[in-house]
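Engineer: Starting from the known structure of chain A, arrange chains B, C and D on it as the hints suggest.
Chains as they are written, first to last, in our numbering: chain A, 136 to 515; chain B, 136 to 515; chain C, 136 to 515; chain D, 136 to 515.
Keep in mind that a hint or two might mislead.
Copies of one chain are not kept apart here, so a pair can be met inside one copy or by any two copies together.
Derived pair list, reagent style DSSO-like, types lysine-lysine, alpha-carbon separation capped at 27 Å [stated by the list, open to error]:
#	residue 1	residue 2
1	436	182
2	182	455
3	436	334
4	450	492
5	455	393
6	313	473
7	436	250
8	450	474
Bear in mind the hints are in silico, worked out from the structure with no lab data behind them.
There are 4 protein chains.
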Amino acid sequence: MRIKETLFIISSLMTLGLTAQTDDGVQRFDEFRNPKKRNIIQIPEVKGMQVLKCDFHMHTVFTDGHVWPNVRVQEAWKEGVDAISFTEHVEYTPHKDDVKPGNLRSYELAENMAKENNVLLIKGTEVTRGTPPGHFNALFIHDDHNLVVDNSVAMDEQAIQAVVDQNAFIFWNHPGWKATQIEGSYEWLPFVEKMYQEKKLHGIEVVNGFGFHKKALDWALDRNLTVIGNTDIHNLIAHDYDLAREGVHRTMTLVMAKDRSAEAIREALEQGRTVAWSSKYLFGKEEHVRDLFEACVSLGKPYHHKTNNKNVLTKYYELKNDSDLYFELELVEGEGTKKIVLYPGSSQILTAEDGQKSLKYSVVSTYVRSDKHLTIDLTL
Amino acid sequence: MRIKETLFIISSLMTLGLTAQTDDGVQRFDEFRNPKKRNIIQIPEVKGMQVLKCDFHMHTVFTDGHVWPNVRVQEAWKEGVDAISFTEHVEYTPHKDDVKPGNLRSYELAENMAKENNVLLIKGTEVTRGTPPGHFNALFIHDDHNLVVDNSVAMDEQAIQAVVDQNAFIFWNHPGWKATQIEGSYEWLPFVEKMYQEKKLHGIEVVNGFGFHKKALDWALDRNLTVIGNTDIHNLIAHDYDLAREGVHRTMTLVMAKDRSAEAIREALEQGRTVAWSSKYLFGKEEHVRDLFEACVSLGKPYHHKTNNKNVLTKYYELKNDSDLYFELELVEGEGTKKIVLYPGSSQILTAEDGQKSLKYSVVSTYVRSDKHLTIDLTL
Amino acid sequence: MRIKETLFIISSLMTLGLTAQTDDGVQRFDEFRNPKKRNIIQIPEVKGMQVLKCDFHMHTVFTDGHVWPNVRVQEAWKEGVDAISFTEHVEYTPHKDDVKPGNLRSYELAENMAKENNVLLIKGTEVTRGTPPGHFNALFIHDDHNLVVDNSVAMDEQAIQAVVDQNAFIFWNHPGWKATQIEGSYEWLPFVEKMYQEKKLHGIEVVNGFGFHKKALDWALDRNLTVIGNTDIHNLIAHDYDLAREGVHRTMTLVMAKDRSAEAIREALEQGRTVAWSSKYLFGKEEHVRDLFEACVSLGKPYHHKTNNKNVLTKYYELKNDSDLYFELELVEGEGTKKIVLYPGSSQILTAEDGQKSLKYSVVSTYVRSDKHLTIDLTL
Amino acid sequence: MRIKETLFIISSLMTLGLTAQTDDGVQRFDEFRNPKKRNIIQIPEVKGMQVLKCDFHMHTVFTDGHVWPNVRVQEAWKEGVDAISFTEHVEYTPHKDDVKPGNLRSYELAENMAKENNVLLIKGTEVTRGTPPGHFNALFIHDDHNLVVDNSVAMDEQAIQAVVDQNAFIFWNHPGWKATQIEGSYEWLPFVEKMYQEKKLHGIEVVNGFGFHKKALDWALDRNLTVIGNTDIHNLIAHDYDLAREGVHRTMTLVMAKDRSAEAIREALEQGRTVAWSSKYLFGKEEHVRDLFEACVSLGKPYHHKTNNKNVLTKYYELKNDSDLYFELELVEGEGTKKIVLYPGSSQILTAEDGQKSLKYSVVSTYVRSDKHLTIDLTL
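Chain A on its own, in the form it takes in the complex (with noise of 0.2 Å):
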């Protein structure tokens, strides 16, 4: 029906909202379509800092993707998605013979879209290396002209220099990819050693999609590097995340930054000041994530007590998450409410027993470390 600029068809229908207009002889039945809104993730401010919403890993036709680069935009707007970047492959072209590669084509397919509909789109790539050392993701890149497409072994290192010449933030792909493992097992590879003590590697993405690399944590741990969630999206969200359930939402890395631009949250991957996300959990330094758990989750004052036939008096509570966060609780030191689901923008009652300052919980659906959840202590 279209016979304009897509592009522009598209971001004129976000700005429009609803478009119920009726030609001449046709009756718009519009019951069925889909509301054009942005979708707020709720996260208030962490220490005054604002809490970006970002996915760092994915692809469209350009390279092996099966969307137009618009689509990226869309769906982030839909979704309430603060930053983007398209990191096509460099080595790896399967739609070729179709589609003319370039690898920030996408970019430039789809930057005037995104500044249209606020969404910050970072220029990047993905460095696909063969296995070992397997793939590293390059952000704040300007220019594909110098990128190192040959990808055997030997050129291996050249490719890193060339988006480290470019001044990129590099971060190591899902650690335990299946083609990256030497006999069902990854480790911390000697190529990606020599990266980190030449300070080329900046961050490990620890959950790529639906996927938790424990390892990769507990390297970011320890080394001090910037722990980052993506998608990797290929297909479109819609179709591998169940967006139409309830506080679904895609994987993401949250960015805690000064303000909303890409130099902010260039400065907080640079700090590490992130927290990976993915369905109900979260990963991260221990600091960042007790951080953002005081930051969504307060405990009220006790609104009620009652005395039991033991004569113990019990107080209680409402503890409240201000958070499309999802929280876990089991008590791990003191007399009271044994288990606590946080539902996002929910409140549970709390009781405890009189007398105590405060309760010890351990936040099941966080991962501070492989192994290690947070605790938190909750006073009363």
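Structural biologist: Coordinates of chains B, C and D only, in the frame set by chain A:
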């Protein structure tokens, strides 16, 4: 299965959150269990006041409702309603062959559960006179012994006086209800005028369930009576309201209160700081509807601009709705986006020609008179 | 608002479907109203028998439930349940200070509404003895005057005899219920054995709410007693079950009946043609579970084939689930798709190596014994 | 993450259903994964014919669509659409700087995936002439080498002839599309009349996306042309249609076919056995809409009766909708329920005064002419 005190069990379950325990030889399949949580209806503070969600009109089996009183507390807890009042009919008890009448008996039975679940329970009753004059709710009563059961016209004034004597907050219910009408129309009645003159009438139920009583809004505004919206629920909330759909809520009164207490609610009702909320619509005094709008909706800074083919510079803004309310705007003055639908917890893009100080919109999802929407200025 | 006979209003509303009328001066906003409709739970006929959805265990305010009887009829109507039975406790009436007891009073009050709404209402009661032996439901009673209220052990046999005398269909409720247990375990009791020997026990409640009583299933199978599943609902169905989610249903007994009548249900119960359905699971005699599976699931003709790199020819089939049941299959024998999840009203692709006559699957979402799933052969 | 052939991976995932495997050191959190299943759109057979769900108008990145061809197959599979056709523009290729044009290239790329997923893929193209005369879809073509790319008026006839020469089934697209209009109105054009006379026009797209082209329906009926409804989707189906809501479906053509094959679809199209389905509405020849209604809706036997206070006997019936279609009925003749809404897979209660043979209803959710609904008789 359960041979224990009903209320106790229910409140315990709520307190516990989830109950996934496995008895010996009994396997639990909890996939389809409704998760226990108190939903938070997100509305920011308005000028330092909390916005409490209140429903001051409902029935239980003690008169002509279909549920035991505890269900009303559960419903309120789940939906995030802060305060409710059982308003059993004084004069009408169709279940009396089976259920012993008692106007405050439902309060008595639910009181403990309400306390444990942090639901404010306000003593009330419905004075159900013949029509005209019809029905009146009396809140904050304390005794049901001297209420007037005789519903003859001759006793109408005494019936009101009986709740006036208890220092009740009194409002006229659903003035446009069919039975109240005289020849298809409803009017401001001499009986009501007398109550008003004698300061025995303090508010009007402008919305009852799904019905907006248009004249009632104007009467409330012209006489400075408090605007009230209630469910008047007899059945289950879930059977009347399509709660399964996102954004659906019961009809209620939003009370701008100094704190979350029955006392603060009374003070706010007396000062008339309320807005009725039903379906997608808000009803109230212009000042309060405006305050609510301004607390919920904010216009960001321009993030992009574009010059069109007529050489006009257009600026782009994001208009955010940080609440669970719904706002629909239509442009009245200025050059910008014509129509904007702000769904709960979402934002839209607004464009405006450069060089204007503001855009004027009619918020068509609000009523500040039966025939008038709130008009707001968005400062660019 | 309503001063008319409650039941009458409700049934009228249901009959009318939608009520969007506008009184003079009263505007209706019906967007959030729950649409009136009877949901159809789609299950094809099984060997010429209708599969009726039945719930034979529930309570109202007349004993320890939280709703007036009409609500149970509404719930059944909305959810597409064909038959229900109020089974008020004979011996336990915690609401008796407020509500006049009467074991068939709930039936009486709801009878007319049930008739108008085409819900089959079966007279029943719960004989609530101390534990052991525990509770028994008696269906198809006709008189509640001679039931035994005295719950002393000495009267246990007389209490059963009182319903035997009314020619009731009797089943043992939730045998694994905590209170029934002796030192953490529950057993086939001498009391029950005697009932069984004297042909006074006809079925066992194998599933009660969310709990699967594993031993009870084996007892039913070994003694040819009828397998029953019920809600034992006290609260609202919508508060216990997450009905807002697609595919969620209450626990029930699927009765394979000759027609849709109380008589046909009795005949089927006596013949044991039932399957209990709770969450995603089916529980019953192997024969009936198999019949149900075969009525619901069908394998299409091969529609595609492919030869892989080991020169093996693979054929493609579509496996369809024409019901609202859920089936999960795991391959036991043959070369084909290992795991198949058949969601309600959907199909999956099944692939099988060529040259096989059939594939054998375990339907792991069924229990034909406490430790055994149904096994089926898919003929290729 | 994936360095393999895209289409292969996708189809494998689909075949497997769920993929919950855990690599060493990688933990999978699949709670938010979209379950793989093919939804069945439930419509019973109509007079021995299968009702196939078809969408004959869509675009991919090869012209002005936003997705790689495989996405269209996935969408069809998930939604339960039986047959689709890529109809890339012959004359319009805005992506040509990046994507090598080729009208059947999208077919070629998706063919294998369609075969594996049992989606019928029909070769087609859109002949996109200037306006007037506008656009025409040609189905069942086999070669894209001789299509006419030159879109000058002079070549309009040759462009049509090029697809006529391939024995295509040709329909006129969205006749009321703005660009097609002459001074705000659209008319049956001489060009189209000539095509019709020469038997080169076989159908008309009466519904395109959310727009019902009213005149087009009458033209189709008056000239015995086949009624067609399509999405003309450029974006994702999930971005245009609110698929998360129950009952929402894309616009499509329901084809009553002898079997599920491309050949049977062609035969049915040539015989005109189609109904267009968009939002809650059906559009088509009276005979077909009636057949469809009768296949889906059935009136049960009277199950109850009641005499009112005017001594009139009323009988009760259940009206069942065994399909995923939606029907809204308004009483035209007789004494019975005035308005009935039959939601997908549900039933309603219908009451009728005794002594009548039938009730006549207008099915206002159908159009058998631009200004006429189907009228049906319900035999009592």
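Engineer: Decide, hint by hint, whether the structure agrees.
Structural biologist: Hint check:
1. 436 / 182: Both: 23 Å inside a chain and 22 Å across chains, each within 27 Å.
2. 182 / 455: both (19 Å within a copy, 22 Å between copies)
3. 436 / 334: neither (48 Å within a copy, 37 Å between copies)
4. 450 / 492: Within one copy only: 12 Å inside, 54 Å across.
5. 455 / 393: Answer is both: 26 Å inside a copy and 20 Å across each meet the 27 Å cutoff.
6. 313 / 473: For residue 313 and residue 473, only the inter-copy Cα distance (21 Å) is at most 27 Å; the intra-copy one is 39 Å.
7. 436 / 250: Answer is between: at 14 Å across copies they meet the 27 Å cutoff, but 45 Å inside does not.
8. 450 / 474: Within one copy only: 16 Å inside, 49 Å across.
Hint violations for this structure: number 3 only, all remaining hints satisfied.
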